[in-house]
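Please build the complete structure, drawing on both the sequences and the hints.
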Amino acid sequence: MPRQIVAFGGGGFSMESGNPLLDDYVLGLCSSERPRVCFLPSASGDADHYVVRFYRAFPAERCEPSHVSLFRREQGPEDLRAHLLSQDLIYVGGGSVVSLLGVWRAHGIDAILREAWEEGVVLCGLSAGSLCWFADAVSGFHGTPRAVEGLGLLPFSNCVHYEPGAERGHAYRRLLREGLRPGYAAEDGAALHFVGEELSRVVASRPAARGYRLDAGGDKVTETRLATTYLGAG
Amino acid sequence: MIGRILTLGGHDFSSRPPDRAVCELMLRLASEHAGDRPRICIVPTASGDTSEQIARFYASFGERACEPSDLSLFRLGRRPMALRDHLLAQDLIYVGGGSMVNLLAVWEAHELGAILSLAWRQGIVLAGQSAGAMCWFEAGITKSSGKPAAEAGLGLLSGSLCVHYNNDPERRAAYLDAVADGMPDGYGLDDYAGLLWEGPGPPTAVTARRGARAYRVISSATGVAESPLPARFLPAPAPAALREDIAEFRRITSMRKRAGWLG
Chain V
1 MPRQIVAFGG GGFSMESGNP LLDDYVLGLC SSERPRVCFL PSASGDADHY VVRFYRAFPA
61 ERCEPSHVSL FRREQGPEDL RAHLLSQDLI YVGGGSVVSL LGVWRAHGID AILREAWEEG
121 VVLCGLSAGS LCWFADAVSG FHGTPRAVEG LGLLPFSNCV HYEPGAERGH AYRRLLREGL
181 RPGYAAEDGA ALHFVGEELS RVVASRPAAR GYRLDAGGDK VTETRLATTY LGAG
Chain E
1001 MIGRILTLGG HDFSSRPPDR AVCELMLRLA SEHAGDRPRI CIVPTASGDT SEQIARFYAS
1061 FGERACEPSD LSLFRLGRRP MALRDHLLAQ DLIYVGGGSM VNLLAVWEAH ELGAILSLAW
1121 RQGIVLAGQS AGAMCWFEAG ITKSSGKPAA EAGLGLLSGS LCVHYNNDPE RRAAYLDAVA
1181 DGMPDGYGLD DYAGLLWEGP GPPTAVTARR GARAYRVISS ATGVAESPLP ARFLPAPAPA
1241 ALREDIAEFR RITSMRKRAG WLG
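Residue numbers (my numbering), protein chains in the order written: chain V, 1 to 234; chain E, 1001 to 1263.
No wet-lab data here; the hints were simulated from the structure. Where a beta carbon is used, it is the ideal one built from N, C-alpha and C, also for glycine. Incorrect hints may appear among the rest.
Which residues of chain E face chain V? A few of them, derived with a C-beta cut under 10 Å, are [said to hold, decoys possible]:
no. : residue
1   : T1045
2   : S1072
3   : F1074
What follows is the structure, encoded as structure tokens:
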């Protein structure tokens, strides 16, 4: 099984009510007919309403859904490692990437997710749930965008909710000029699909959404707009 | 001068007398730091910043003579805050219950432990219940991973603490075992019992409900001994008086309604 990560710039059931294209895409990567899908809402503080929305988007008719709440461990699976390694897809929600990584480390989830990835469980997520897979995450959640050290499964930097000319884009370029490792950015509705550590393709739930590659050479940052496949009809 | 710390075995923010008594004590501690309009901030990290915990806090303090606020680390995306500036401007910082493991892990990720310790050294009152009480000690007994287990705290207070002592026998048994096995000696707190730390000496035990007790828990060659501490009873105040500005607002609203002017 190849190692796969699908990093949404933003989108899926959390942000695109009525547009299931990105969620359908990640489900489609699972080889099983009724994939086991586990939602990790840690970045939201395990907000109840978010868990409810996940179960609406991933109903039992389509898959075998579950979630792990690290704030209510007494209610969930006792053996987190066994539960996570038995999934076809692990879907990480948005919120605070700093809090997410803190809670994961405390429960040993960081090591389990690496193992799951190596064993072929598809990993995906949006926003904080997208940033977390990279070595460097450009997060604007806590005010002025800054770089946060992620899990490092993908040896790149990453920026979500990207808009080339907006504040986050400028911040990402500044960080690259200051020595941040090169990486990828995705607009809302675009998702970066990595197989192993290589970008395999960029897909989108909105016709105009794009992914970007950003490189820095000295003082110069080059931004390459990547060919993106729109997943909708037409 | 270091601040006072109020550690509670368990309570709720409700209108029931023991809960009102606990809030009254916090309000008094905050007022003694600040004067008549103290700033009181809840840090609900241990719950994952649940709306419920935050709403119950505001329901209790919103109509009292204070300026309540919340610092929700999971919600900074919608409402960015300067963590250090906000916390150091408080008179009392209250930490809610939940997962002690997650509380400390998220604080570490945001470097909040250092800010809280600075706040304490600047004389700001710290308070909390359950996970929010154990976090100030060297160690506590948490059920963050399901079963009771020892967990290290920030260590502003020396010794250990076990909460919900009266109604969680599994946790109490794990605590007695841990102390026998070398966890520092400490205290057991029933729900509605608390310890008020006012200086380097031993704390004062307080209780907001008859029968709720604080215990000193000490290990010796013959085993672990639990001795109840004499506690000061906290009387419940009358239900919160309406804040003057809120009362004024309601008077004006009802006058407008009577005048048929609903804009």
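- Hints the structure fails to honour: Hint check: nothing fails, all pass.
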